[in-house]
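Start from the sequences, fold in the hints, and give me the full structure.
2 protein chains.
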Amino acid sequence: MTTIKSVKVEIITIGDEILIGQIVDTNSAWMATELNTAGFELAQITSVHDDANHIIEALEMALKRADVVLFTGGIGPTNDDITKQTLCSYFDTKLVFNDAVYQNIERLFANRPNYKMNELTKAQAMVPEKCTVIQNEVGTAPVTWFDKAGKVVVSMPGVPYEMKRAMSVEIIPRLQKQFETPVIIHKTVQVYGYTESALALKIAEWESNLPEYTHLAYLPNSGVVKLRLSGFLENVLALEFVMNQQMDLLSQLLGNAIVAAEDIPIEQLLGNLLMVGGKTVSTAESCTGGNIAHVFTSLPGSSAFFKGSVVAYANEVKENVLQVNSADIEIFGAVSQQVVEQMAVGVRKLLKTDVAIATSGIAGPTGGSDEKPIGTTWIAVCSDEQVLSREFRFGKLREQNILRATQAALLLLKEIV
Amino acid sequence: MTTIKSVKVEIITIGDEILIGQIVDTNSAWMATELNTAGFELAQITSVHDDANHIIEALEMALKRADVVLFTGGIGPTNDDITKQTLCSYFDTKLVFNDAVYQNIERLFANRPNYKMNELTKAQAMVPEKCTVIQNEVGTAPVTWFDKAGKVVVSMPGVPYEMKRAMSVEIIPRLQKQFETPVIIHKTVQVYGYTESALALKIAEWESNLPEYTHLAYLPNSGVVKLRLSGFLENVLALEFVMNQQMDLLSQLLGNAIVAAEDIPIEQLLGNLLMVGGKTVSTAESCTGGNIAHVFTSLPGSSAFFKGSVVAYANEVKENVLQVNSADIEIFGAVSQQVVEQMAVGVRKLLKTDVAIATSGIAGPTGGSDEKPIGTTWIAVCSDEQVLSREFRFGKLREQNILRATQAALLLLKEIV
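Residue numbers (the numbering used here), protein chains in the order written: chain A, 1 to 417; chain B, 1001 to 1417.
No wet-lab data here; the hints were simulated from the structure.
In this text, all values refer to a predicted model and were calculated from it rather than measured experimentally.
Built from N, CA and C at the ideal position, the CB exists for glycine as well.
Any given hint could turn out to be false.
Unchecked claim - Calculated pairs, DSS-like style, for lysine-lysine (alpha carbon to alpha carbon, straight line, at most 30 Å):
{"no.": "1", "chain 1": "A", "residue 1": "K94", "chain 2": "A", "residue 2": "K226"}
{"no.": "2", "chain 1": "B", "residue 1": "K1116", "chain 2": "A", "residue 2": "K414"}
{"no.": "3", "chain 1": "B", "residue 1": "K1349", "chain 2": "A", "residue 2": "K352"}
{"no.": "4", "chain 1": "A", "residue 1": "K226", "chain 2": "B", "residue 2": "K1122"}
{"no.": "5", "chain 1": "A", "residue 1": "K396", "chain 2": "B", "residue 2": "K1164"}
{"no.": "6", "chain 1": "B", "residue 1": "K1177", "chain 2": "B", "residue 2": "K1064"}
{"no.": "7", "chain 1": "B", "residue 1": "K1064", "chain 2": "A", "residue 2": "K64"}
{"no.": "8", "chain 1": "B", "residue 1": "K1164", "chain 2": "A", "residue 2": "K64"}
{"no.": "9", "chain 1": "A", "residue 1": "K8", "chain 2": "B", "residue 2": "K1064"}
{"no.": "10", "chain 1": "A", "residue 1": "K148", "chain 2": "A", "residue 2": "K94"}
{"no.": "11", "chain 1": "B", "residue 1": "K1396", "chain 2": "A", "residue 2": "K279"}
{"no.": "12", "chain 1": "A", "residue 1": "K202", "chain 2": "B", "residue 2": "K1094"}
{"no.": "13", "chain 1": "A", "residue 1": "K64", "chain 2": "B", "residue 2": "K1151"}
{"no.": "14", "chain 1": "B", "residue 1": "K1116", "chain 2": "A", "residue 2": "K396"}
Stated by the list, open to error - Some chain A residues judged to face chain B by a derived CB distance under 10 Å, without partners named:
{"no.": "15", "residue": "M31"}
{"no.": "16", "residue": "D81"}
{"no.": "17", "residue": "K307"}
{"no.": "18", "residue": "S309"}
{"no.": "19", "residue": "V311"}
To be verified - Output of the computed footprint for chain B on chain A, the stretches with three or more beta carbons under 8 Å from beta carbons of chain B:
{"no.": "20", "segment": "44–51"}
{"no.": "21", "segment": "86–93"}
Here is the structure:
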């Protein structure tokens, strides 16, 4: 089987916002996913300030490694944006007036009667002479496309929806015409109950026998490790066959430790299972403090299976609202099997759901003891038929304990739905 | 007044996750903010794959421009992680066994009886001979620190909480000892009720008169805009004086729109106010789905003021648990002043707290109407003396609506505590 040479792309983001921590660079993650799906390999992301020398240096380095360089940002109307001038000087050309761009700007302003075009906006219609100008229907700054010795340099806006439209509608289709890309297939499984290293040992032999046109990535997240196998080949059917074969072998190796055979959040997986079964869920949360409810309700359409929660942070809420026996809290403590099971049963009854989850643990940074150190967490799930509970020891960090307890609770619920 | 030369830092992130779009690089934004606050200038962020040649090239380029290079990621126990070996070869040294690292790993595993140490984990105790090893108390991979001709190269884990601890407790304090950074003073106010651009117009004249050794950043976050004024000067007293003067002028301009005169999360501000007043709070959440409870309980020590919540996603939970009148839900709808006020009063009574918050809104992506479009949200707060409620129109994006409603609810509560 033959592989074809991958087409390498680099992204250069321009502007202060990312470098002073003002914004998180979500553009690059989106672009990375799209490029990857379209069969391109993203080789580097570089973020630099609005500084001409630094921009040129980054571009020259990128062109040494990659076939395509995509600039985002730095092309707004204000003085600090210098990318257009910098590219003009790099490609030895000058700015000229472009009537189509000007008409696009006029059209955009006609739609927004509260805003007036000013001279800075008009200047957006000045574009490099030696480039392909691609209209930006949703913003004033056009996309500019430069060809140079078989390589491509594109400059596009940094505003997310302008960038996304330009990439989807114009840039990726044009790149796919110009370059021959291999087929890429990704297969993901999510594994629970192993540390990253224990998992690596468990599957070492399988991993070492993977074909050379595949790549395996370990992606740990709050107790769950995602294993993603990527394959690159010319023949899509052959690749699909080999990838499925490898994933079958992996499934045999890991068995029940595989909690999901696709790349979706665990809460979405649970939501799907509940909806398919026509079941509803409620939660009684102490240490997770509402986070399980929050991850469920972050899913669009979650009202189809999620009815509500009682966040029982104070013991009196556990007693008065969830009907936990106060003597049991006294004798066994709030972080105990007895209490967490009563919480689950109590909330299921109160909110009239098919199944319920309860958590009680010591999130930290204080409250631990020798017997129950910080991170000790009891989780229970119940249905009309059974109550299932388990003790966990997470770490010392509050934020991490909340996230891990949330994942563990969802996965425990999976055992009964 | 004289300024001193800035100390330049670059970040290099290593690993596939960012370059295939699997994760958004939130680490770099956090690091950028912290470095900036500590007086360093972040000159470039570079993301590369686990590829030795590419890593070395990125390092060499960064060392030409910057005084400090910070690597994150690529130091896990699995085969794809090669940063440690790559740095060994670059700094012409070899891996040696480090007993302190080994003991740290043993300690971490002793706390997690479900997991066993294996040979890959043990290999984490192999560290480059010519470097300063900094213990990582919360993970198995240590931080390694290399000095080279007055410049510094540090390699740290990419796991966010491990990275954050290493940066805050070890790396930034050590860098501040080693390099002379200018005095930087930051003053932050948090402003509510303005868009970023409306705020920019409101304070345009004040902003244009700021001294040239200051820099103003707009940091919008779910409806609140943080204005951070940074000043760089040799003389700390002079700087402090000028900064205070400017912030006084800003306060006069913005008045009550300033909801906090310091850079702390709004939930922490509320927690402090409640604790000072000896008051407790509960929440009844529909559209926010437990997120207000979650942000409160993410604060260490929140059990001192937060007793619990009822997440009332289904209407029957509003009726049965919070005693909302079912006729009112029928007549006015669940997203209405009548219902949200009853939810607040109901949860305050049920959980026996001094004050309470309630939310009910249409988070989207479905459920909107002409009269109540997606984003319509009612929020109520109450005490034993009063009930205060307000209607908001957020946007079309579910995630953003949940975050904005959370912020708005906290700020409404601030009006009565």
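If you check each hint against the structure, which ones fail? 1, 8, 16, 21
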